[in-house]
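Chemist: Sequence:
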Amino acid sequence: MGNQQILLIVLGMVIIGVTISVAIVLVNENAVTANRDAMSTDIVNIATRAQQYYNTPTAFGGGGRSYVGLSANAAGMSKLVSAAQSNSGNGTYTILVAGSASQVILQGVGNVELSDGTFPTLYCVIRPGQAQVQVIN
Numbered sequence: 003m004g005n006q007q008i009l010l011i012v013l014g015m016v017i018i019g020v021t022i023s024v025a026i027v028l029v030n031e032n033a034v035t036a037n038r039d040a041m042s043t044d045i046v047n048i049a050t051r052a053q054q055y056y057n058t059p060t061a062f063g064g065g066g067r068s069y070v071g072l073s074a075n076a077a078g079m080s081k082l083v084s085a086a087q088s089n090s091g092n093g094t095y096t097i098l099v100a101g102s103a104s105q106v107i108l109q110g111v112g113n114v115e116l117s118d119g120t121f122p123t124l125y126c127v128i129r130p131g132q133a134q135v136q137v138i139n
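Start counting at 1 in the sequence shown, then tack on 2, and there's your number in our numbering.
To be clear, the hints were calculated from the coordinates, so they are not data collected in a lab. Where is the CB? At the ideal position from N, CA and C, for every residue including glycine. Misleading hints may appear alongside valid ones.
Stated by the list, open to error - Label pairs and their in silico Cβ distance ranges:
1) 15 x 86: 40 to 50 Å
2) 105 x 76: 53 to 63 Å
3) 21 x 99: 25 to 35 Å
4) 12 x 51: 52 to 62 Å
5) 70 x 119: 19 to 29 Å
6) 99 x 61: 24 to 34 Å
7) 31 x 94: 14 to 24 Å
8) 63 x 29: 39 to 49 Å
9) 66 x 138: 29 to 39 Å
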């Protein structure tokens, strides 16, 4: 083979290598985005249950217009979802800041590792009649 043919083969291999690298990066980014979207859905569902807890009278096992009973541990989380739901295929959900009379803060940590070695994290600040989801990373 001539030098020109070898050069074209090497150039073709480099182009294929770069294309494969770009494809891997795009697939990983898509996995992270899909994980964040699924976590957002999960945490909003848990926030809805926190709103139900807030609006349910204490005589029926609710908070009686307060989030105080939602402690930042497994017992507080169990008032909203089962253990299986707090550790789903999308991430792990906990009560980050124990409930007060007017708010509770949830945290979700995803299962897909980011390029910097951390995991996607969402916070959800829940107040009467509203829930605000914040993407941390």
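Chemist: Next, verify each hint and record whether it holds.
Modeler: Okay, the hints, checked on the actual structure:
1. Distance hint check for residue 15 and residue 86: the Cβ-Cβ separation is about 48 Å, which falls inside the suggested range of 40 to 50 Å.
2. In this structure the supplied range 53 to 63 Å is violated for residue 105 paired with residue 76, their Cβ-Cβ distance being about 20 Å.
3. At about 46 Å, the beta-carbon gap between residue 21 and residue 99 misses the expected band of 25 to 35 Å.
4. One distance hint, 52 to 62 Å for the beta-carbon pair residue 12 and residue 51, holds here, with the actual separation near 59 Å.
5. Restraint check, residue 70 to residue 119: a C-beta distance of roughly 37 Å breaks the suggested window 19 to 29 Å.
6. Checking the proposed 24 to 34 Å range against residue 99 and residue 61 shows it holds: the Cβ atoms sit about 26 Å from each other.
7. The supplied range of 14 to 24 Å is met by residue 31 and residue 94, whose beta-carbon atoms lie about 22 Å from each other.
8. Checked against the hint of 39 to 49 Å, the pair residue 63 and residue 29 passes, with Cβ atoms roughly 45 Å apart.
9. Restraint check, residue 66 to residue 138: a C-beta distance of roughly 31 Å satisfies the suggested window 29 to 39 Å.
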